[in-house]
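Asker: Residue-level listing of the chains:
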Amino acid sequence: MEDHRLPESAPSDEALVARVCERDTAAFAALYDRHAPAVYALAAHVLGDSEAEEIVQEVFLRVWNKADRFQPARGSFRVWLMSIARHRTLDELRRRDRQRHVEVAEEVDLLLAGAADRVAGVEDLASASERDRAMLRSLGRLPAEQRRVLVLAYFGGLSQTAMADQLGWPLGTVKKRLRLGLQKLRAAMAGQGFLPDPRARKG
Amino acid sequence: MNCDQVRELLEAYAAGALDPAQHATVEQHLARCAECRRLADEYAAIVSALPGALSAASPRRPPAPLRARLLDSVRASAARPASPDGKPGRVPAPTPSRRSPSGRRPRTLGGLALSILLALALAWGLQLNVALAEERALRAELADLVGQQEIVFEVVDSDRTVKSVLRAGAADSPSYGKLYRRPDLPDVVVIVARMAPPAPGEAYHLWLGTHEGQTHLGGVISLNEAGFGLLVFKAARSGPDYRSAWVTSQPLGDVTPAGTPILRWDANP
Numbered sequence: 009m010e011d012h013r014l015p016e017s018a019p020s021d022e023a024l025v026a027r028v029c030e031r032d033t034a035a036f037a038a039l040y041d042r043h044a045p046a047v048y049a050l051a052a053h054v055l056g057d058s059e060a061e062e063i064v065q066e067v068f069l070r071v072w073n074k075a076d077r078f079q080p081a082r083g084s085f086r087v088w089l090m091s092i093a094r095h096r097t098l099d100e101l102r103r104r105d106r107q108r109h110v111e112v113a114e115e116v117d118l119l120l121a122g123a124a125d126r127v128a129g130v131e132d133l134a135s136a137s138e139r140d141r142a143m144l145r146s147l148g149r150l151p152a153e154q155r156r157v158l159v160l161a162y163f164g165g166l167s168q169t170a171m172a173d174q175l176g177w178p179l180g181t182v183k184k185r186l187r188l189g190l191q192k193l194r195a196a197m198a199g200q201g202f203l204p205d206p207r208a209r210k211g
Numbered sequence: 007m008n009c010d011q012v013r014e015l016l017e018a019y020a021a022g023a024l025d026p027a028q029h030a031t032v033e034q035h036l037a038r039c040a041e042c043r044r045l046a047d048e049y050a051a052i053v054s055a056l057p058g059a060l061s062a063a064s065p066r067r068p069p070a071p072l073r074a075r076l077l078d079s080v081r082a083s084a085a086r087p088a089s090p091d092g093k094p095g096r097v098p099a100p101t102p103s104r105r106s107p108s109g110r111r112p113r114t115l116g117g118l119a120l121s122i123l124l125a126l127a128l129a130w131g132l133q134l135n136v137a138l139a140e141e142r143a144l145r146a147e148l149a150d151l152v153g154q155q156e157i158v159f160e161v162v163d164s165d166r167t168v169k170s171v172l173r174a175g176a177a178d179s180p181s182y183g184k185l186y187r188r189p190d191l192p193d194v195v196v197i198v199a200r201m202a203p204p205a206p207g208e209a210y211h212l213w214l215g216t217h218e219g220q221t222h223l224g225g226v227i228s229l230n231e232a233g234f235g236l237l238v239f240k241a242a243r244s245g246p247d248y249r250s251a252w253v254t255s256q257p258l259g260d261v262t263p264a265g266t267p268i269l270r271w272d273a274n275p
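For the record, the sequence lines run as chains A and B. Counting in this note's numbering, the first sequence runs from 9 upward without gaps. Counting in this note's numbering, the second sequence runs from 7 upward without gaps.
One chain only, chain A, in its complex shape:
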């Protein structure tokens, strides 16, 4: 997903990764500064602060050691990185406390819903990137049940069938909410200029 508002001078993630392959520590620091807050937030809200530190360390050491395994043709760096971070975090959650998935997801959902209301008042979110704010805004516009199901899946690591089983919802309802929620998010992000979709790009 490209951000067409990125200043010309800022190197892309992919350019930074290529420099990390050449052992460029400044490029590594730049990648860390861009993406560590998101990795940390994911791990901290699912597992806790001390575990989150370990996960950030692990994930970024992996970036340093295995930068040559990243293949830009197969997707963006952010997708690669968040996929690793999410898998590692959910593995740890599954290992430590199998009961916490729903609870974790509810906490995250509350945080996202609460903050989404505040995005318009930009002061305390000034340090967040444009993309983060756009996503937060888009999440705020989702019907609560659609956001909830998405958060249960992505942050709680629950499958559709697990959600239906554990929460006593009809499976068809879960599936519909997940589809609609993601379709709406995609449209909302495109509407704010965050997808390479010519029809949706802002003029």
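Simulated from the structure, these hints should not be mistaken for laboratory data. None of these values were measured; they are calculated from a predicted model. All residues carry an ideal CB built from backbone N, CA and C; glycine is no exception.
Across the chosen pairs, the derived CB separations fall in these ranges:
(1) A:G176 - B:Q220: 46 to 52 angstroms
(2) A:A23 - B:G265: 53 to 59 angstroms
(3) A:E115 - B:A264: 53 to 59 angstroms
(4) B:D247 - A:K74: 36 to 42 angstroms
(5) A:Q174 - B:D247: 33 to 39 angstroms
Based on these hints, arrange chain B on the given structure of chain A.
Answerer: Just chain B, lined up with the frame of chain A:
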């Protein structure tokens, strides 16, 4: 599955909400279908922006000392010469010091000093940060290779872990091993370090003795080029109660221990 059926699942696929079998089916379709792949990539990009939104909503930030530690590690490794596997500046750089019959010395800068330090540390029962970090990194790499990373982390890095050290029979040998288990898990992890390659036709076997007097074969340990090996296996029950563990070099296919133990641990020496 045809494209229409896959398209109905793409949102759930991106959110990680499909059951494993459906996930695999969709993945296989995407490997062959560029149109569906393009749409899947868009959804992947959307969900990958969720952690960023959470970090915007959350007061929690990665602490500054974490950044400093990480940058120190990578700067130190970037300044290091290439390790013998050809990859420059990994964190941390493994130092091979296997003793071949010709008595070959380690080739990396500082490698000889490092192996002397390690031998001394073992003799004194000390744990140097360097030794531990190196072992951890090698262990993680190997675990990654054998696809066992999760189990290894689970068994080795918990506060319920019981650890036993296997020491070499020969006084001047740098080799050692560690046996990890947990009272609440049946999985057992064994690492061996700084081992010379076994004799041709033989392999390292890990044997375990129980308090009931039985002997089990834990498994065969293969070594990487640094003389480091990892074995993961499942005992018959959680919290296996071992009184001894030893490593021998024997022909593959042997079912009973033979030969002098290369490494050994006893609960009650």
